[in-house]
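*Asks:* Sequences and hints are given; from them, build the entire structure.
In my numbering, the protein residues as written are 14 to 301.
Everything labelled a hint here was simulated from the structure, so no lab data went into it. Where is the CB? At the ideal position from N, CA and C, for every residue including glycine. One or more hints might be untrue.
Said to hold, decoys possible - Within a straight-line C-alpha distance of at most 30 angstroms, the following computed DSBU-like cross-link-like pairs (lysine-lysine) qualify:
{"#": "1", "residue 1": "K113", "residue 2": "K221"}
{"#": "2", "residue 1": "K113", "residue 2": "K152"}
{"#": "3", "residue 1": "K152", "residue 2": "K136"}
{"#": "4", "residue 1": "K195", "residue 2": "K113"}
{"#": "5", "residue 1": "K148", "residue 2": "K136"}
Said to hold, decoys possible - Per label pair, the in silico range of CB-to-CB distance:
{"#": "6", "residue 1": "F110", "residue 2": "P250", "range": "21 to 27 angstroms"}
{"#": "7", "residue 1": "V130", "residue 2": "N252", "range": "23 to 29 angstroms"}
{"#": "8", "residue 1": "T60", "residue 2": "I226", "range": "40 to 46 angstroms"}
{"#": "9", "residue 1": "S79", "residue 2": "N207", "range": "46 to 52 angstroms"}
{"#": "10", "residue 1": "K66", "residue 2": "L165", "range": "36 to 42 angstroms"}
{"#": "11", "residue 1": "F110", "residue 2": "A289", "range": "46 to 52 angstroms"}
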Amino acid sequence: MRNKYTFQILTLIAPSVICLLIWMMVPLLLAINFSFQDFYLQDLSKTGYVGFKNYYYLFNERNFLSSLITTLIFVISIILFTVTLGLALSVLLNQDFYGKGLTRILVISPFLVAPTVAAGIWKLMLMSPTFGLFKWVSKSFGYNPIDWFGDLPLFSIIIIVCWQWLPFALLILLTALQSLPKDQVEAARIDGANELQIFISITINHLKRPIAIVIMLETIFVLNLFAHIYSTTNGGPGNATTNLPYLIYQKALLDYDVGGAAAGGIIAVIFANIVAFFLLSFLSKNIN
Numbered sequence: 014m015r016n017k018y019t020f021q022i023l024t025l026i027a028p029s030v031i032c033l034l035i036w037m038m039v040p041l042l043l044a045i046n047f048s049f050q051d052f053y054l055q056d057l058s059k060t061g062y063v064g065f066k067n068y069y070y071l072f073n074e075r076n077f078l079s080s081l082i083t084t085l086i087f088v089i090s091i092i093l094f095t096v097t098l099g100l101a102l103s104v105l106l107n108q109d110f111y112g113k114g115l116t117r118i119l120v121i122s123p124f125l126v127a128p129t130v131a132a133g134i135w136k137l138m139l140m141s142p143t144f145g146l147f148k149w150v151s152k153s154f155g156y157n158p159i160d161w162f163g164d165l166p167l168f169s170i171i172i173i174v175c176w177q178w179l180p181f182a183l184l185i186l187l188t189a190l191q192s193l194p195k196d197q198v199e200a201a202r203i204d205g206a207n208e209l210q211i212f213i214s215i216t217i218n219h220l221k222r223p224i225a226i227v228i229m230l231e232t233i234f235v236l237n238l239f240a241h242i243y244s245t246t247n248g249g250p251g252n253a254t255t256n257l258p259y260l261i262y263q264k265a266l267l268d269y270d271v272g273g274a275a276a277g278g279i280i281a282v283i284f285a286n287i288v289a290f291f292l293l294s295f296l297s298k299n300i301n
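*Replies:* And the structure:
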């Protein structure tokens with residue numbers, strides 16, 4: 014009877030699993046196949062298998078190592094900022110005050126803005142050295158305006174992405190805070206614990222799993238960061254903001270090197286899985 018029930022379950026979920034595997038594996042297998050070919054869109058007559066040549070050239074390319082470092086800088090800085098500030102804001106917004114509902118909506122709203130729109134707002138309306146709001150503020154205090162995307166390109170993109178993804182961290186952590194058992198907090202106060210001790214011993218311990226979820230999902234997103242870079246700096250100045258996804262885009266659609274782009278894509282998948290493995294290992298040891 015149990016085997017029959019198990020067979021029925023497998024029969025019901027099999028179509029979805031098969032469709033998911035096809036949807037995931039076919040593009041991956043095609044990318045692996047192209048990564049071993051000398052495949053240029055401008056000259057299809059020279060297409061042929063070249064083994065690991067694309068990987069060799071990619072690893073020896075000057076921009077490849079810098080793109081990996083830039084990707085890691087984006088991941089580490091954005092996650093540190095959003096999780097830290099998101100935790101602080103979630104504690105503040107969990108308090109009772111007038112206009113709490115409206116404040117929460119306003120704080121969360123940047124997450125609903127499309128990445129290209131968010132990048133355009135910051136680039137043209139806020140950070141522009143010609144007519145941006147920050148230029149007006151600098152002039153008001155007697156300082157010369159900063160060319161954000163010329164002098165501080167990496168920092169500028171980090172600010173934009175943090176502005177957009179901070180509400181996500183805030184929303185997850187605030188929801189988790191509202192499920193914190195109040196009797197534990199009251200018992201700790203009765204035992205003489207101050208607010209800092211309660212925050213470290215009870216609140217942080219309660220938020221370990223939500224923080225892990227935020228870190229995992231934001232890591233996946235930031236490893237694939239592209240729209241903000243494309244809409245603001247185009248990977249420049251020079252290669253200052255070229256991360257791994259943007260390098261793959263340059264290979265495929267600017268250099269027409271499908272083989273090199275496919276090799277970069279496979280490396281990006283391996284890199285993402287390595288990061289995810291170590292992240293999951295670290296989190297599993299520290300959230301139990």
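*Asks:* Take the hints in turn and mark each one as holding or not.
*Replies:* Evaluation of the provided hints:
no.: 1; hint: K113 / K221; result: 25 angstroms, holds
no.: 2; hint: K113 / K152; result: 34 angstroms, violated
no.: 3; hint: K152 / K136; result: 18 angstroms, holds
no.: 4; hint: K195 / K113; result: 20 angstroms, holds
no.: 5; hint: K148 / K136; result: 12 angstroms, holds
no.: 6; hint: F110 / P250: 21 to 27 angstroms; result: 44 angstroms, violated
no.: 7; hint: V130 / N252: 23 to 29 angstroms; result: 26 angstroms, holds
no.: 8; hint: T60 / I226: 40 to 46 angstroms; result: 44 angstroms, holds
no.: 9; hint: S79 / N207: 46 to 52 angstroms; result: 47 angstroms, holds
no.: 10; hint: K66 / L165: 36 to 42 angstroms; result: 38 angstroms, holds
no.: 11; hint: F110 / A289: 46 to 52 angstroms; result: 39 angstroms, violated
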